[in-house]
Amino acid sequence: MNRQEAEQKLKEIFKHERFYDKQWEVIDYVFQGKRFLFIQRTGYGKSLCFQFPAVCFEGTCVVFSPLIALMRNQVNYLVSLGISAACINSNQSKDENTAILQRAMNGFIKILYITPERQENSEWIDAVLKIPISMVVIDEAHCISVWGHDFRPAYRRLFELVRLLPAHIPVLATTATATSRVAKDIYMQLGSGAKYVRGLLERKNFHIRVLHVASEDEKLAWLADFIKKQNGTGILYSGTRAETEIYARWLQMNEISAIVYHAGIDAENREEIELGLMQNRWKCIVSTCALGMGMDKPDLRFIVHTQFPASLVHYYQEIGRGGRNGKPSQIVLLYSPDDNKLIINFIETARPPLLSYNKVIDALKQEALGERDLMLSTNLWQTQVRTIIADLLDQKIIVAVISGKQKIYEYLYGAPEFDFTCFEEIRQMKYMEMMDMMKYAESQSCRMQYICNYLDDQTESICGRCDICTGTSEKVYITEKVQTAIDEFRNSFFPDLRLESKRGPACLMNGAAAAFYGFSQIGSVIHKCKYENGGEFSPYLIELTVRAFNKKLSDIHYDNIIFVPPTESGKLVENFAVALSKKLKIPISRGLKKDRATHPQKVFQNVYLKKNNLLDAFIFEGEAAGRSFLLIDDIFDSGVTIREIGRLFQSLNAKTVRPLVIAKTIGGDLG
Amino acid sequence: MKSEKDIVYWIALAHLSGWNTQFINQIIHSILFEKKMSFEEFFALKPEEYCRLFGLSDVHSAELEQAKAELPNNGFLAEYLHAQGFAVIPFTDDSYPVLLKKNIEKSHPVVLYVKGNTQLLNEKSAAIIGSRNALNISLEFTARMAKRLTEEHKVIVSGFARGVDRKALDEAIAAGGQSIIVLPQGVLTFSSGMKKYYRHIVSGDLLVLSTFHPRAAWSIPLAMARNRYIFGLAEEIYVSQSGESGGTWAGVLDGLRRGRQVFVRAPDAVESNGNNLLLQKGAVPVDMDGNVLESLKKDSAEELRKSVQYELFD
Numbered sequence: 001m002n003r004q005e006a007e008q009k010l011k012e013i014f015k016h017e018r019f020y021d022k023q024w025e026v027i028d029y030v031f032q033g034k035r036f037l038f039i040q041r042t043g044y045g046k047s048l049c050f051q052f053p054a055v056c057f058e059g060t061c062v063v064f065s066p067l068i069a070l071m072r073n074q075v076n077y078l079v080s081l082g083i084s085a086a087c088i089n090s091n092q093s094k095d096e097n098t099a100i101l102q103r104a105m106n107g108f109i110k111i112l113y114i115t116p117e118r119q120e121n122s123e124w125i126d127a128v129l130k131i132p133i134s135m136v137v138i139d140e141a142h143c144i145s146v147w148g149h150d151f152r153p154a155y156r157r158l159f160e161l162v163r164l165l166p167a168h169i170p171v172l173a174t175t176a177t178a179t180s181r182v183a184k185d186i187y188m189q190l191g192s193g194a195k196y197v198r199g200l201l202e203r204k205n206f207h208i209r210v211l212h213v214a215s216e217d218e219k220l221a222w223l224a225d226f227i228k229k230q231n232g233t234g235i236l237y238s239g240t241r242a243e244t245e246i247y248a249r250w251l252q253m254n255e256i257s258a259i260v261y262h263a264g265i266d267a268e269n270r271e272e273i274e275l276g277l278m279q280n281r282w283k284c285i286v287s288t289c290a291l292g293m294g295m296d297k298p299d300l301r302f303i304v305h306t307q308f309p310a311s312l313v314h315y316y317q318e319i320g321r322g323g324r325n326g327k328p329s330q331i332v333l334l335y336s337p338d339d340n341k342l343i344i345n346f347i348e349t350a351r352p353p354l355l356s357y358n359k360v361i362d363a364l365k366q367e368a369l370g371e372r373d374l375m376l377s378t379n380l381w382q383t384q385v386r387t388i389i390a391d392l393l394d395q396k397i398i399v400a401v402i403s404g405k406q407k408i409y410e411y412l413y414g415a416p417e418f419d420f421t422c423f424e425e426i427r428q429m430k431y432m433e434m435m436d437m438m439k440y441a442e443s444q445s446c447r448m449q450y451i452c453n454y455l456d457d458q459t460e461s462i463c464g465r466c467d468i469c470t471g472t473s474e475k476v477y478i479t480e481k482v483q484t485a486i487d488e489f490r491n492s493f494f495p496d497l498r499l500e501s502k503r504g505p506a507c508l509m510n511g512a513a514a515a516f517y518g519f520s521q522i523g524s525v526i527h528k529c530k531y532e533n534g535g536e537f538s539p540y541l542i543e544l545t546v547r548a549f550n551k552k553l554s555d556i557h558y559d560n561i562i563f564v565p566p567t568e569s570g571k572l573v574e575n576f577a578v579a580l581s582k583k584l585k586i587p588i589s590r591g592l593k594k595d596r597a598t599h600p601q602k603v604f605q606n607v608y609l610k611k612n613n614l615l616d617a618f619i620f621e622g623e624a625a626g627r628s629f630l631l632i633d634d635i636f637d638s639g640v641t642i643r644e645i646g647r648l649f650q651s652l653n654a655k656t657v658r659p660l661v662i663a664k665t666i667g668g669d670l671g
Numbered sequence: 001m002k003s004e005k006d007i008v009y010w011i012a013l014a015h016l017s018g019w020n021t022q023f024i025n026q027i028i029h030s031i032l033f034e035k036k037m038s039f040e041e042f043f044a045l046k047p048e049e050y051c052r053l054f055g056l057s058d059v060h061s062a063e064l065e066q067a068k069a070e071l072p073n074n075g076f077l078a079e080y081l082h083a084q085g086f087a088v089i090p091f092t093d094d095s096y097p098v099l100l101k102k103n104i105e106k107s108h109p110v111v112l113y114v115k116g117n118t119q120l121l122n123e124k125s126a127a128i129i130g131s132r133n134a135l136n137i138s139l140e141f142t143a144r145m146a147k148r149l150t151e152e153h154k155v156i157v158s159g160f161a162r163g164v165d166r167k168a169l170d171e172a173i174a175a176g177g178q179s180i181i182v183l184p185q186g187v188l189t190f191s192s193g194m195k196k197y198y199r200h201i202v203s204g205d206l207l208v209l210s211t212f213h214p215r216a217a218w219s220i221p222l223a224m225a226r227n228r229y230i231f232g233l234a235e236e237i238y239v240s241q242s243g244e245s246g247g248t249w250a251g252v253l254d255g256l257r258r259g260r261q262v263f264v265r266a267p268d269a270v271e272s273n274g275n276n277l278l279l280q281k282g283a284v285p286v287d288m289d290g291n292v293l294e295s296l297k298k299d300s301a302e303e304l305r306k307s308v309q310y311e312l313f314d
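Chains A and B are the protein sequences, given in the same order.
According to the working numbering, the first sequence is numbered sequentially starting from 1.
According to the working numbering, the second sequence is numbered sequentially starting from 1.
Don't read these hints as lab results, they were simulated from the structure.
Possibly wrong hints are sitting among the right ones.
Claimed, not checked - Dumping the calculated DMTMM-like pairs for lysine to aspartate or glutamate here, alpha-carbon to alpha-carbon at most 20 Å: (1) A:Lys-34 to B:Glu-140; (2) B:Lys-195 to A:Glu-58; (3) B:Lys-68 to A:Asp-126; (4) B:Lys-196 to A:Asp-362.
The whole structure should be built from the sequences, with the hints applied where relevant.
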C-alpha cells in the first residue's frame, strides 16, 4: 500500500486527512514486517502507527500496555470509529475476559490490549495459541530497561517474547521518554534489522521556571499565592505521602480545593479521584509520582513540583501531563538543593542487603513459594520481597510458575550465582541522574532546550518562554501575615489515621495523630521516653494530643478511654492515657489486656507476621456492647495492632473504636 | 541451546498433525544439512517451492502454510515455557541424548521439553518398568534394582505411572540417586508432580521430560508412545512385571524387535503375568537382584527375534 492509498483509507476509517511524515515512515516499515522503536512525545499520535496497520492486516494485533486506564481510553476511541478493539484486564470479570478471548480466537478482534502481566496467565496462553496474530506492539517500552525510570519486571518477558517470535511478524515498540541509553537497550532487544525513529520533544506551550527556595515555609507561602492565581486546574507533585497530606491541608486552609493522591490510598478511592480530576472537581491534586502515567487529560494548566524528581526523565514525563491541548501551561519546580536527601535515601534503600537476597534464595531452594509465604518465611517486608523477586527473575535465578491460581517462585536448577555487584552500577547511575537533575535546576540556559538535549533531541533553538529566556527569575517573600498563618498551620496539623475499610471491623473509625513521627522533633522525644528511660511523655505531648483530639475527634461521645497494653512491662502508654483521661474528662478503662505474651511488633518486617503475632492476643474485661471507645497508643505504624483491637471490639458488639496516637510514622512513604 | 530464536520453528515442525516423526526428522535434516537453509528461509518458501525443493505434496504444503500462520502463537508458547523454567531441546542440540538417537534411530523425538538437570540425559542410564498394579514381589524387585543401579551411578529412567514406575523413582531418590521422569503428557499439565518432586528437580537429581505438545493432556495413546522413549533413553532395561498386553508388554516387544537386550524378572511358578511369555520371546531372565539367570536363558537369539516378528504380524 502506498502513502496515497493509505491516506485514503486513513480518511475513511480514522477521519484524519494525512499522516505526519514520521508516522508514515513507521507505518511503512510495519507493512514491511520490520521491528521498530518509535520514540515520540505524548500526544503526537504514536498509537496510529500500529492502529492503522492493524486495521489493514488480517488477524489480531496484540498490544501490551502497562495501564488499564490507558487501554480503556484507546479501546473506547477505536470502538467509536467502528474498529473491533477490546482489552483483557483484571478489572473485568472472568466471564467478560473469557468472552473477549473467544471473540479473538474466532478472528473477530482487530486490536487486543493486554497488560504484560497477562503473559503469566495460563488461560491467556491457551487462548493466544489459537488467536491469529498479525503483529505485536509494546507500548511504554521504556519499562523494559533497568536503566529506565519506570522499570517493570513483566516487561522483561515481553522482550523475551519478541526474541522468540518469528522474524516476519512486525513488532513495534513505542515510548515518549527514553534517554539514549534506554533507547539503545530497547533497540538492542528488538533484534537485528530493527529500526529506530526519534521525534522532537519540545513543548511550545510550556512556560517553565525553577524557583530557588530557602525553606519549607517559602514553598508553602509561594504555593498558596501561585495556585490561587492560576486559571484552570493542575497537579502539585511532592516527594512523600506525608507531604501530599501536608500540602493539601495547607492549600485547603487557604481556601483552595485540593485533594491527596498516592499509592497508599485504596484502589476505589484512587479511581474516584482520577474521575474527579478529569471533571475538574478540584483546583489541585496533590500527589506523589503515583499519579499520571497513561492519564489522558488535555487541559491541565499547571504542574508544580515541591520536590525535584529523581531524574530529568522523570521530570519531563511528569510535566508532560500539562497542557496537552496546546494552551499555555505553567511548569514550576520549587528547588532547594537540600531536597536531594529524599532522593539519596531512595537510592540507598532501593535494594535490600545481600543477606536478604540469600534468605530468599535459600527458602526457594527448599520449597517453591508465593510472595506471602516468602514474606512469612523470611521476615522481609513486601517491598523488599518484590524487589528481590524482580532481581532474581531478571538474573534468571528463579522463575515464576502458575500453580493452580497462585503464582509461585521456583529456584532454577543450574542458576548462576546471584550477582549483587551489577546494582552498584545502577546506584552510581542514579546518583548521576540526580546530579543532572540538580544541574538543570541550577543551569542558566534555556530550560526546554536543556531538557531536550538531555533526552537526546539535540537542538540549538531556545524556547523564549522559560524564566531564563525571559530573564524573570523570582524570589519568595513571606509577609508577616503569611508567616503567622504558616505557624498556625504547623501547630494544628494533625495527620489522619485511615482505618475505615469495607473489609475491616465496622466499629473501627478513622483516628488522628498529634504529629508525623519523622516530620518534627516529636519522634525523638517519644524514642527517648520509650527506649532510653527518658521518663513519662511530657506535658507538651499531652497538650498536643489534646489539641489533635479537639480538632479531629471531638465530634462524638466516648464512654471510655482505653489504651494499648504494653508488650513488655511499663506504664508509659497507660500513664499517658490516664493524663488524657483527666484532660478530656473521659473515664479510663483498664480492661483491654493481652492474654498471652507477644513479641514487639517492630521485630516483624511485614504485615502477615505482625498479624500472626497479635492474632487473638487481646481480651477486654468490661462492658463493650453498644459503647464508644477512644483508643490511645503512642505510635501508629502499620495499623495492625489497632485493627486487631478493632476486630476484638467488633466481636463484642462495641459501637465505636477510634484511635488517638502521639505520632504516625512515615516509613514506606514513597509512591 | 544454540539458537533459541529457532525454537518456534522447531515447535511448529515437531507437532505437525498427521506427519509421522520419521518424516518430520527427514524434512528437518534435508532443510538444515542438505539444502543448508535456515528455518526462517524454509518458512518463507512458497507452496510450489515446498513441492519442487522437498518433494512435498500439496496437502503437506498446505499444512506447512498453516504451521507458518501459527508461528507467532508458538512464540507466545515458547516464552511461557521459558519463563516457567522449561527448556526445549531440538535433536540437533548438543544436550540431546545420543543414546535416544541411537536406540530409536530415525523416529527419535523432534524436540524434548525438559525441566531440571539436562546433564542427566547423557549419563549412564537404566529403566525399570512394569505394571501399575504390581505384586509385592515386583515392587520389591523394583526397589532392589533402583538401589543397585543407583549405587552403580546410573540414572533411573521411569514413566511416572502408579506401581512400578513410581516405586523406581522414589527408591532411586531415597538412595540419593538421579532420575529422569518421561511424561505421558505435556509438561504444562504436570504441575502437581513438579510440586511433589520440586526439591529433587532443584538440586539437579531429577529431570522431567516430555516429547509431547506442552499442553497435551494425559491419554492412553500418549502413555503407550511414551514407553518407547523410556526404552530409548536407557542403556539397560529391567522389567519388573508385565501383563500380557498393555504398555509394558508392547514396549518390551518393540524393544526386542529393535534388538535391545531386555532383562525380565524371572517370576515365581505361582505368578500369572506376562513375564514368562516375554522370556520365551527372548528377554533375559534375572533374579531379584538383577543377576542374569543363565540356566533359564534361551539359546538362539535369532529364533527369538523371529517369534517376536510373528507376534507383531499376528
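Results of checking the hints against the structure:
no.	hint	in the structure
1	A:Lys-34 to B:Glu-140	62 Å, violated
2	B:Lys-195 to A:Glu-58	41 Å, violated
3	B:Lys-68 to A:Asp-126	18 Å, holds
4	B:Lys-196 to A:Asp-362	18 Å, holds
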